[in-house]
Amino acid sequence: MRRLLAVTVKEVRQIRRDPFSLLMLIVLPAFMLVLYGFALNFDVRHVRLAVQDRDRTAASRDLMGAFVHSTYFDLVATPEPGADLPALIERRRARAVLVIPEGFGEGLAAGRTEPVQLLVDGADSTTAATVLGYARALVAEANAELVASTLARRGRRPAVPIAFEPRVLFNPELESTQFLVPGLIGFLLMLTAVLSTALSVVREKERGTMEQLRMAPLRTHELILGKTVPYLGLSLLATLIILVAARLLFGVEIRGPYLDLLVVVLLYLFGALGFGLLISTIAHTQALAFQAGLITSMLPAILLSGFIFQIRMMPAWLQGITYLVPARYFLVILRGIILKGEGLATYWTQVLALALYGFIVVALASTRLARREA
Amino acid sequence: MTDNLAVELRELSKHFGAFKAVDRVSLTVEEGEIFGFLGANGAGKSTTIRMLCGLLRPTSGSARVMGIDVAMEPEEVKRRIGYMSQRFSLYEDLTVAQNLRFFGGVYGLRGAEAREREAWALHMSGLEGKEGRLTGELPGGWKQRLALACAVLHRPRVVFLDEPTSGVDPISRRRFWRLIDEMATEGITVFVTTHYLDEAEHCHRLALIHAGRLVALGTVSELKRVFAGRVVLEVLAPRVSEALEALGAAPWVLETSVFGTRIHVVVHDAEEGRREIEALLAAQGNGPTSVERIVPSLEDVFIHHVEEAEAGAREARR
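These protein sequences, in sequence, are chains A and B.
Taking the numbering used here, the leading residue of the first sequence gets 5, the next gets one more, and so forth.
Taking the numbering used here, the leading residue of the second sequence gets 8, the next gets one more, and so forth.
By construction, these hints were calculated from the structure, which means they are not laboratory data.
Wrong hints could be hidden among the right ones.
[What the hints assert, rightly or not] When the alpha-carbon atoms are kept at most 20 Å apart in a straight line, the in silico EDC-like pairs for lysine to aspartate or glutamate are as follows:
{"no.": "1", "chain 1": "A", "residue 1": "209", "chain 2": "B", "residue 2": "99"}
{"no.": "2", "chain 1": "B", "residue 1": "137", "chain 2": "B", "residue 2": "100"}
{"no.": "3", "chain 1": "A", "residue 1": "209", "chain 2": "B", "residue 2": "100"}
{"no.": "4", "chain 1": "B", "residue 1": "231", "chain 2": "B", "residue 2": "205"}
{"no.": "5", "chain 1": "B", "residue 1": "27", "chain 2": "B", "residue 2": "322"}
{"no.": "6", "chain 1": "B", "residue 1": "27", "chain 2": "B", "residue 2": "317"}
Bound-form chain A, shown alone:
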């Protein structure tokens, strides 16, 4: 215990001596959260829309109003008949152009079906798909109202067969930041925990102090614990900062129990710190440790964890690999606790997977560290 404390005190002093690294560990995650939180906004709002109204009747103005008064579209232009509509999109003045033909109002009044055209910029396919979805919904709504009023005029009770009432649970505004914050925490914690431990051990190897430590009567677990405890503390502090920033900037509230959150973060960090140690037993230079840490921890935590790309959309062999990525389990639990307000008990399989990962990694790292003929 005395020896473990000596290692911890020494490590803390070294961290304090290096304010730049300290800043990187604590402030960088919050900074990344802000960056990613704003940049990775998957919501499509305020799409620039041009409307060519060749009809100029009450009916055509109603349809136009349905588009413009939704928050999805902003009216940027009303080109005259004969204007070059594709050029509007090409020059990126508008992302979509709605064309209401002449005789639209008259035709509707006569009970005919009238065509309405929508030109959409397909360069960004994701946004185009979303825009089409919005437009379809808006037109469907307008159709329903028209049908209802026509029926009423003919003395029939307006009856719509299916009343569709969707309700989105847990993230009612469907804001993608809500969904992204847990993923960000998963990836940032993995990054800082893996890199800080790996670099701190490899630095000792590079400077030759590791040899001195191995000559001392220090047991492997004393060395490992002594070195990781300060970084565990720092990582927890970074988590706290991320959560506070997420609350203040994006309004992400933690709905679940804090204790469960702490437990799952600790469990995840246990595996991440262990993985950092494992890297340090393989890499001999800080540069190599940095690269290895980046590739083996950060990339999977972003790409294979379900943070940005949904796992069930991946090919089967890739889905298989995701089972080895601890962030995958962490994310499910974290989303559950933060967004749904659930406790750990719901996610015992994921908790078990995280614990298993941690034990395997730490066991591997300690046997490699303990090996005397390194």
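Guided by the hints, dock chain B onto chain A, whose structure is given.
Below, chain B without anything else, positioned relative to chain A:
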């Protein structure tokens, strides 16, 4: 257990694959002795020390430090020894006092004893008043003394020093060796490797290791006794390599070696040797400017042993 033996090697070997880094080395070091372990780079010095400190497991043979087998109980050995390596291994980003506190803590010192030993270490290394200085900013010689102080903070009975003075100025080296002498008078055994032969003269006994094998063992004067009945002549000639070649081929020359521009020639008799050297070189138009009889240095002794060992190895291969 034999009394007063600090270090005891029996047929100690370490192989890395087919390479025999240490090959059946046997020797003993008594308590309070300064024992010098000499050899060229790669001769097996560091490998031996690492086995003695419990870092490497011997391939065969045994090593005991203070009566404890290093392969069986490496942790017990580590508790009783101090170690300082050729690479300066303190934390340069910590202060002098923080380094002392850390190593004290790692060796399990606590409370009043820790403070007392820290004060002692500062006094011994001459760093009193510089406790708050960053270690990385200290001059090399001071770092060296601090490293030694850290290595003996826990009052080890045996200290292993692996090329402790490499890269340090001569004055700091002399001061460092005074510390080692003081430690020995207090009964601490010092096991030191070096390739500075002037430092070897400080050692009570020496071992010479070459290609993993022990080729000579004894006090300085014992080792020099190999030149009994032979003399070393120092020859200066205009064309060194030509002279060396001619002398090496002469049947009455026992050994030759070069030290800068001087050639050391070992012969049976001083006067006869001088005449023959002068005649031989004059015949080549390479007449020697001087031929002097000199007291054999440790270097001559080692060259003699290394050449003998290599000749023996060639013989064995045949």
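Each hint tested on the structure:
Simply put, residue 209 of chain A and residue 99 of chain B have alpha-carbon atoms about 14 Å apart, close enough for the 20 Å limit, and the pair holds. Restraint check: the Cα-Cα separation between residue 137 of chain B and residue 100 of chain B comes to about 15 Å, which is no more than 20 Å; the hinted pair holds. Under the criterion of a C-alpha separation no larger than 20 Å, the hint pairing residue 209 of chain A with residue 100 of chain B is consistent with the structure, at around 15 Å. For the given pair, residue 231 of chain B sits about 14 Å from residue 205 of chain B by alpha-carbon distance, which is consistent with the 20 Å threshold.
Taking the CA atoms of residue 27 of chain B and residue 322 of chain B, the gap is about 19 Å. The hint holds against a cut of 20 Å. Taken as a hint, the residue 27 of chain B and residue 317 of chain B pair is honoured in the structure, with Cα atoms around 15 Å apart against an allowance of 20 Å.
Checked against the numbered hints above, the structure violates none of them.
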